[in-house]
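As a plain string of letters, each chain reads:
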Amino acid sequence: MDDNQRSSAGVELYDPENNSIQPSSSTMPSSPARRRFLQTAGISGLAVAAAPALSQVSYAGSPDQPATQTDAPPAEGKRRITLTVNGKRHQLDVTPNVILLDALRHGLKLTGTKKGCDHGQCGACTILVNGTAINSCLSLAVTHDGEEITTVEGLEKNGQQHPIQQAFLKHDAYQCGYCTAGQMMSAVAILQDESIGKSDADVREAMSGNICRCGAYKNIVAAIQSARGSMQGGNA
Amino acid sequence: MRHFDYARADSAQQAVAAHGSERDVSFLAGGTTLLDLVKLDIMQPQKIVDINGVALDEIERLDDGRLRIGAMVTNTALARNQRVVDDYAVLSQALLAGASTQLRNKATTGGNIMQRVRCPYFRDGVSDCNKREPGSGCAAIGGVNRTVHAVLGTSDSCIASHPSDMCVAMAAIGATVEVQGPDGTREIDFGDFHLLPGDTPAREHALEPGELITHVVLEAPLEGSRSGYLKLRDRQSYQFALASSAVIVQMDGSTIREARVAMGGVGAKPWRAPEVEAALKGKPASEKLFADAAKLAFENAIAYAHNGYKIPLGQQAIVRNLSDLTAA
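One line per chain: the protein sequences are W and U, in this order. At position 103 of the first sequence (counting the first as 1) the number is 103 in this note's numbering, and the numbers step up by one without a gap. At position 7 of the second sequence (counting the first as 1) the number is 7 in this note's numbering, and the numbers step up by one without a gap.
Honestly, the hints are just simulated from the structure, not real lab data. Note that the coordinates shown come from a computational prediction; the quantities given were computed from them, not determined experimentally. Check the hints yourself; a few may be wrong.
What the hints assert, rightly or not - Which stretches of chain U does chain W cover? Using the computed rule of at least three CB atoms under 8 Å from a CB of chain W, they are: (1) 48-61; (2) 96-109.
Claimed, not checked - A few chain U residues that face chain W, going by a derived Cβ cut-off under 10 Å, partial list only: (3) 1; (4) 28; (5) 39; (6) 236; (7) 237.
Said to hold, decoys possible - Think about it this way: if two alpha-carbon atoms lie no more than 20 Å apart in a straight line, the pair counts; the simulated SDA-like pairs of lysine to any residue are: (8) U:47 <-> W:79; (9) W:88 <-> W:148; (10) W:198 <-> U:93; (11) W:198 <-> U:80; (12) U:47 <-> W:76; (13) U:47 <-> W:80; (14) W:218 <-> U:238; (15) W:198 <-> U:237; (16) W:218 <-> U:236; (17) W:218 <-> W:228; (18) U:47 <-> U:208; (19) W:218 <-> U:237; (20) W:218 <-> U:235; (21) W:218 <-> W:200; (22) W:198 <-> U:236; (23) U:47 <-> U:21; (24) W:198 <-> U:85; (25) U:47 <-> W:145.
No residue lacks a Cβ here, since even glycine has one placed at the ideal position from N, Cα and C.
Given the sequences, and given the hints that come with them, work out the whole structure.
Structure (structure tokens):
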């Protein structure tokens, strides 16, 4: 794919009335020179700004009716994937270079999952895929076709906060809150994992992939340990 | 992130065919190294062949007592496998000492073997680096080289240390890497898989273009042996080794019948130390024996401006590991 082809693609939304895919008004024009600069500048802050221009993710189904299916083929260079996110099925059309984190944030507008370092070093983007915690920043969306994803938005059930959310509130397990979604997703995963020990030291070790620059670690460990009791019923 | 073509393979044969032995094609397993480096534009694949659909996730004991591990077995699954925990404690410990929970959940056995160095001059995309830009020089030699730079097996072209913990355990255990290529399958001894930098640091392993790792086969465990992985680092978790040791000992009373020793953090590749093993074999265990043997591993060590401490630290990693394993 050459630069001209790349710049002609944009963010697109499926129009259920016409059963067609329309360019979204948010399509960003992008000159090759600007794009080359962004491609070669390996800085995560720039990557955030560059995401709509460099990687395209769009709804195949209507945003208002996420279960809507379309038979219209995906645009050239894109692949159609189905993700079940927090129990809802979504069809998305993505270029192969769309990162799962960006598909969730930009495609599905689920911005609870945060982009921190964008290199698997901070854990802010932690989500569950088929029940397993991973860094969503180091995964291609296209490799998750058909998989079940849980983000922080999926913790609450029937208007009731998840025990880990209640515990984080009760123990003041955050300051700025930026890492909190990732902390809670890792916490839910390790509390459900019988191979991980139950001591404070075990929890700290298992949680070491989630960095909190405010340093709320002590309260985070306290919150996780207090949620352990409330989760015995397997509420996740 | 740059664009690339994408193909998904359902079998090793399909993956190799999709790769086509072309330059600038990468296999995608867990992606924890590849996608990190593609984002940094250090790796620039034109095409990615996704092997997540290839069924290489079995761990099976072979009739001869060896353990055959599929390349797509995750680091977490391998570390928690009961046979690994029972027969190869050193491997389970090494895996759990590496990276974070989330990364281990994604990272695979084959991918761990293929992970790239953590040298900041390699990763920054602009410094002189013979690995990234052959012929440009090595900024690490005259630069900051305290943490992820080796004292064993380096050259004037490259001094990066190999980052893997898992590979250090596999080097000590002894293993064979099974690969599939366009012309069929072949086996590579684990000790021959990673290459020393020499004059060609861009060439890091023995794979030919288009070859895919399908399995790692561990040697049968030494009967009645004990093993352990000791990792020394700046931070107690989620940090690369400054020095580490993988040790397997088989005792006969208080005498060492057999020992296998490998080191991480100090070598340009996962570093087996046969001279240490030979010095231990048949001798009664003692701190003095351990210290004398450990010294042999570093006879040819070269210290750079900031990493000379790794020579005593590496020896201590061996001594303490041996002491713990041979304690009554």
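- Task: Any hints from earlier that this structure breaks? Give me their numbers in increasing order, please.
- Result: none
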